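Asks: Model the full structure from these sequences, guided by the hints.
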Amino acid sequence: MKHNANGSVQSVVIWTLVLALLLGFAIGSFSAASRARAAVTAAESLAAGIPPAPVVTSTRYDKANDALTLRVLNPGLVPVKLVDQSIIFKPGAASKQEAYALTAIPLGVEVAPLSEVEVQLKLKPNAEKLEVGDVLAASVSFTHPYSRDLYVLSHVFKVNEEAAKGKEQGEPKQPQMNKAKPKKGGK
Amino acid sequence: MRFLLDLLWVILAVLAAWGLAVGLLLATPQELAVLLGFAVFMLLASRLLWGYGALSVFAEGVGRGEQPDRGQAEAAARVPEPERLGFAALASFWLAALEPYRYAFYAVYLVLMLVTLASKLVLPLPDLWAWVTGSTLFEGVFWGASVVALLVWSISSLAASLTAKAASSA
Numbered sequence: 013m014k015h016n017a018n019g020s021v022q023s024v025v026i027w028t029l030v031l032a033l034l035l036g037f038a039i040g041s042f043s044a045a046s047r048a049r050a051a052v053t054a055a056e057s058l059a060a061g062i063p064p065a066p067v068v069t070s071t072r073y074d075k076a077n078d079a080l081t082l083r084v085l086n087p088g089l090v091p092v093k094l095v096d097q098s099i100i101f102k103p104g105a106a107s108k109q110e111a112y113a114l115t116a117i118p119l120g121v122e123v124a125p126l127s128e129v130e131v132q133l134k135l136k137p138n139a140e141k142l143e144v145g146d147v148l149a150a151s152v153s154f155t156h157p158y159s160r161d162l163y164v165l166s167h168v169f170k171v172n173e174e175a176a177k178g179k180e181q182g183e184p185k186q187p188q189m190n191k192a193k194p195k196k197g198g199k
Numbered sequence: 003m004r005f006l007l008d009l010l011w012v013i014l015a016v017l018a019a020w021g022l023a024v025g026l027l028l029a030t031p032q033e034l035a036v037l038l039g040f041a042v043f044m045l046l047a048s049r050l051l052w053g054y055g056a057l058s059v060f061a062e063g064v065g066r067g068e069q070p071d072r073g074q075a076e077a078a079a080r081v082p083e084p085e086r087l088g089f090a091a092l093a094s095f096w097l098a099a100l101e102p103y104r105y106a107f108y109a110v111y112l113v114l115m116l117v118t119l120a121s122k123l124v125l126p127l128p129d130l131w132a133w134v135t136g137s138t139l140f141e142g143v144f145w146g147a148s149v150v151a152l153l154v155w156s157i158s159s160l161a162a163s164l165t166a167k168a169a170s171s172a
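So the sequence lines, in the order shown, correspond to chains X and S. All residue numbers for the first sequence refer to the numbering used here, where the first residue is 13 and numbers rise by one. All residue numbers for the second sequence refer to the numbering used here, where the first residue is 3 and numbers rise by one.
Don't read these hints as lab results, they were simulated from the structure. Incorrect hints may have been included.
[Claimed, not checked] Taking lysine to any residue pairs in the SDA-like style, the calculated list, with each CA pair at most 25 Å apart, reads: (1) K167(S) with P137(X); (2) K122(S) with R47(X); (3) K122(S) with T53(X); (4) K122(S) with A48(X); (5) K108(X) with E143(X); (6) K141(X) with E173(X); (7) K122(S) with G40(X); (8) K122(S) with A45(X); (9) K167(S) with K122(S); (10) K75(X) with S107(X); (11) K170(X) with S159(X).
[As the list claims (entries may be wrong)] From the structure, some residues in chain X lie toward chain S, with a derived Cβ separation under 10 Å: (12) G19; (13) G120; (14) V121; (15) P125.
As the structure is a computational prediction, the values presented were derived from the model and not from experiment. Cβ coordinates follow ideal geometry from the N, Cα and C atoms, glycine included.
Replies: What follows is the structure, encoded as C-alpha cells:
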C-alpha cells in the first residue's frame with residue numbers, strides 16, 4: 013500500500029466524509045438489525061411460554077360417513093395432542109333415534125402450532141341420520157407439553173336445516189391468524 | 003460564577019455516566035462486539051494516530067514556511083544524524099518511519115476482514131434471517147475495527163499530502 017502523495021488535503025477530507033457516511037450507514041443498519049432480531053427472539057420466547065388451548069372454528073355433519081367433522085385450530089406456539097373423544101346424542105322431536113353416548117374413543121391427533129386440523133368424530137354405527145332439532149355434545153380431551161393434566165374441550169352442535177344437509181357451521185367470531193380467507197359466495 | 007461552571011461540569015459528567023451505563027445495559031451483543039472491535043483496534047492504532055497527527059502538524063508548519071519544534075521529529079525519524087536534515091526531509095523520514103506500523107495495522111485488519119467474509123460463506127439454511135441481518139459477533143468486531151481503519155487511512159493520507167506539500171514548498 014502506497015501513500016497517495018499527490019492527493020490534496022481537500023480530497024482527503026472529502027473522501028473521508030463520504031466513507032464515514034457509508035460506514036455510519038452500515039454500522040447503523042447492523043445495530044438496528046441486531047435490535048430487531050433481539051425483539052423478535054424475545055417475542056417468540058414470550059409467546060412460546062403461553063400454554064395453548066385448541067379452538068373449534070367450525071363443525072360439519074358428514075352425512076356419507078355418519079360422522080361429525082370438527083375443524084380445530086391451535087392458536088398457541090406449542091403443539092397440542094388430542095387424546096380421545098366422546099359424543100352425547102340427544103334426539104329432537106323429529107328423530108326416531110334414541111339418545112346415546114359414546115365415550116373415550118381414542119383419537120391421537122397432534123395439532124401443530126398455529127395450524128388447523130380436521131377431526132372426524134364417528135357417530136354411533138347403524139344409527140338414524142341426523143334430523144333438525146337433534147343436539148350433539150362432543151367433547152375432546154387434549155394434553156399440552158407444559159403439564160401432565162388432561163384438559164377437555166366441549167362443543168355443542170345443534171342440528172338446524174342447513175346443518176342437516178351437511179353445510180359447514182362456522183363459529184361467529186374467529187381469530188385472524190395464518191388462515192386462508194373464506195371463499196366468497198357460500199354463506 | 004466559577005462555582006456555577008463547576009456545578010455544570012458535574013451535572014454533565016453525571017448525565018454522561020448515566021447515558022453510558024444505560025446504553026451498555028440496553029446494548030445488544032452485536033453492538034458490544036462493535037464497541038470491542040473499536041476499542042481494541044484503537045489500541046492497535048494509537049501509535050499511528052498520534053504519530054500521523056503530530057507529523058501533520060509539523061509538516062503543515064513547514065509547508066507554511068515556519069520552523070516548528072524539531073525535537074519530536076528528530077526522535078521519531080530514526081535516522082543516524084537527524085539534526086543535519088532539512089525540515090522537509092525530516093518530515094519525509096518521519097513518514098517513512100511510521101510505515102511498518104501502518105502495514106501491521108492493515109495486515110491485522112485484513113485478517114479480520116477475511117475471517118468475517120469466510121464466516122459469511124456458510125449459509126445457515128434453517129435460519130437465513132440470522133445470516134441476512136448479520137447476527138454474527140465477528141461482523142460486529144469487523145465494523146468496529148472499520149471505524150478505526152477509516153481514521154488511520156484518513157490521517158495517514160492527510161500526513162502524506164501535507165508532507166508532499168512541505169517538500170514541494172521547500
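Asks: Does each hint fit the structure? Answer for all of them.
Replies: Verification of the hints:
no.: 1; hint: K167(S) with P137(X); in the structure: violated, 102 Å
no.: 2; hint: K122(S) with R47(X); in the structure: holds, 20 Å
no.: 3; hint: K122(S) with T53(X); in the structure: holds, 21 Å
no.: 4; hint: K122(S) with A48(X); in the structure: holds, 20 Å
no.: 5; hint: K108(X) with E143(X); in the structure: holds, 9 Å
no.: 6; hint: K141(X) with E173(X); in the structure: holds, 13 Å
no.: 7; hint: K122(S) with G40(X); in the structure: holds, 19 Å
no.: 8; hint: K122(S) with A45(X); in the structure: holds, 16 Å
no.: 9; hint: K167(S) with K122(S); in the structure: violated, 43 Å
no.: 10; hint: K75(X) with S107(X); in the structure: holds, 15 Å
no.: 11; hint: K170(X) with S159(X); in the structure: violated, 33 Å
no.: 12; hint: G19; in the structure: holds, 5 Å
no.: 13; hint: G120; in the structure: violated, 28 Å
no.: 14; hint: V121; in the structure: violated, 26 Å
no.: 15; hint: P125; in the structure: violated, 16 Å
In terms of the numbered hints stated before, the structure departs from hints 1, 9, 11, 13, 14, 15, listed from lowest to highest.
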